[in-house]
Amino acid sequence: MILSLENVSKSFGALTVTDSVTFEVPQGQALGIIGPNGAGKSTLFNLITGNIRADQGRIHFEGRDVTRVSAMERCLTGIGRSFQIPQPFEKLTVFETLLVAATHGRNMSEAAVVEDCADILVRTELIGRANTPAGQLSLLERKRLELSRAMATQPKLLLLDEIAGGLTEGECRALIATIKDIHAQGVTIIWIEHVLHALTSVVERLLVLDFGKIIGIGAPEAIMASKEVQEIYLGIEV
Amino acid sequence: MAYTVRTRTRASGIAAIIGAAIVLALVFLPLFASRSLIQDMFLILTMLVLAQFWNLLAGYGGLVSIGQQAFVGMGAYTLFGVVILGGIDPVAAILFSGLGALIIAIPTAFFAFRLNGAYFAIGTWVIAEVVRLLVAQWKTLGGGTGTSLPREATRDMWFVPTVETLLGVRSAAARDILAYWLALALAVATIGGIYWLLRTRRGLALAAVRDNIEAAKSVGVDAVRMKWIVFLTSAFGTGLTGGLIYMQKARISPDAAFSVTDWTAYVIFIVVIGGIGTIEGPILGVLIFFALQSLLADFGSWYLMTLGVLAITIMLVAPRGLWGLLSERTGLHLFPVRRQLVAPKPSET
Chain A
0 MILSLENVSK SFGALTVTDS VTFEVPQGQA LGIIGPNGAG KSTLFNLITG NIRADQGRIH
60 FEGRDVTRVS AMERCLTGIG RSFQIPQPFE KLTVFETLLV AATHGRNMSE AAVVEDCADI
120 LVRTELIGRA NTPAGQLSLL ERKRLELSRA MATQPKLLLL DEIAGGLTEG ECRALIATIK
180 DIHAQGVTII WIEHVLHALT SVVERLLVLD FGKIIGIGAP EAIMASKEVQ EIYLGIEV
Chain B
0 MAYTVRTRTR ASGIAAIIGA AIVLALVFLP LFASRSLIQD MFLILTMLVL AQFWNLLAGY
60 GGLVSIGQQA FVGMGAYTLF GVVILGGIDP VAAILFSGLG ALIIAIPTAF FAFRLNGAYF
120 AIGTWVIAEV VRLLVAQWKT LGGGTGTSLP REATRDMWFV PTVETLLGVR SAAARDILAY
180 WLALALAVAT IGGIYWLLRT RRGLALAAVR DNIEAAKSVG VDAVRMKWIV FLTSAFGTGL
240 TGGLIYMQKA RISPDAAFSV TDWTAYVIFI VVIGGIGTIE GPILGVLIFF ALQSLLADFG
300 SWYLMTLGVL AITIMLVAPR GLWGLLSERT GLHLFPVRRQ LVAPKPSET
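Residue numbers (numbering that gives the first Met the number 0), protein chains in the order written: chain A, 0 to 237; chain B, 0 to 348.
Where chain B lies over chain A, by a calculated footprint (3+ residues, C-beta under 8 Å): (1) 62–73; (2) 84–90; (3) 97–107.
In case anyone wonders, no lab produced these hints; they're calculated from the structure. Heads up, the beta-carbon is just placed ideally off N, CA and C, and yes, glycines get one too.
This is chain A alone, in the form it adopts within the complex (with noise of 0.2 Å):
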């Protein structure tokens, strides 16, 4: 196992948004996460990348115990992310974001990373943008941006929060592509995503999150025509 939590809890004021949440993520798996809006998905993802500490329960990555863990050493172990709402450095370029992931995500010397972010910034389609500052670009280039930032860390567990969300069809699709891609090199993957079919389109399983809780785990077809996920989902998404 990659990951697991046991038993995580986590409460703002009154409001429980994480209620003893257990799951495991086997290493090489692409996991969905869907649930309806405030269901606690991104809360979950900042559980696990510790921009938040949880209350409550472990948190356990490659085997070793980081629930104490800052997010900057989680990175260091392989840990990435995208924000849903993208979250730039305004002022450096696309490709000294890119720089500034991989010297520090990575340790390494800034000399011997140029050639793997020029690499990423390719396959993100964001090369021809490398040189403008991240914060005059479109919505779009953001969010391939906060895709390419975290490939530049090269993560073993990436997480993705709601990367396709406002994508056309033909974006959607060469996203899909670039996630099946990083997946196909064996980085273990947790998707939240309310556009289903590109997330059904990579993911081995899925999870719903409800008011903080796991309401089913399992295989797509299966969590999908559950009558619990339909009902949230009526009126969501068709």
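Dock chain B against chain A, hints included.
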């Protein structure tokens, strides 16, 4: 496919040569300049160093401090302390000034790093006031009225006799020349050091932390460590400058050494009108500041009002300062830090 990275620009190559020539000319300036010009140049250089360190803190580190006077004052008082009580030579004592500033910077950081934005700014100011009040209680160093460096200490200061015989000047002028040379060395070292830092991967990390701290952490940047590095470096440098300024003045009082106007407001003015977040900005800013000061010297409080109006106008018209405006229009960068990715064949991209 071989992608390469380019940081140098043609302008920066020319700027480096001109810069070296200016520094060389400044080294030999005391050979023919008047004593008052040397004193003015000393003020310009020390203000430039203070501005560069505040810019490092606020412009690159995102830590807007309005308590820099704490480090100037602490550096200055440490110098007076070790000279008067320890009998150490004033020139050597300057190094202790940096350490003195660090001694208060460490607890200040523990407190102030818990605060963000405006609260951080106010927090640093409050701490500076507390330090001022505490130092004013130190009776051996003159309490609230202050004290002077002992005559023997300044007369027999290191290098002063050498400068006297070398340039054929009196002791007081030799002290000014020595202080000027030290300020020049400090300014060159500061600009060179900051430029070097910005061109390392730490420089990128600093920009990432300033722009988005949560995202920076999630790509493996040690954000807390970056803040500490910037804060302590800035405190150390500001302390050294404080020591040097008061070594030249040879007279100190808590109100002057911990003046928020002299050591923080003017410094912020210099950085803001020149251009925050650039190395060129404070250099341009300090020249404008001194031009205004000599132009408006006879107008009393009108001088401060003019500074205020000018600062507000520039903030509205050119939020990135005069250098920002200039470099936006012309694409000029004298100290380039931008990493340009150069494709093997530009037409392909």
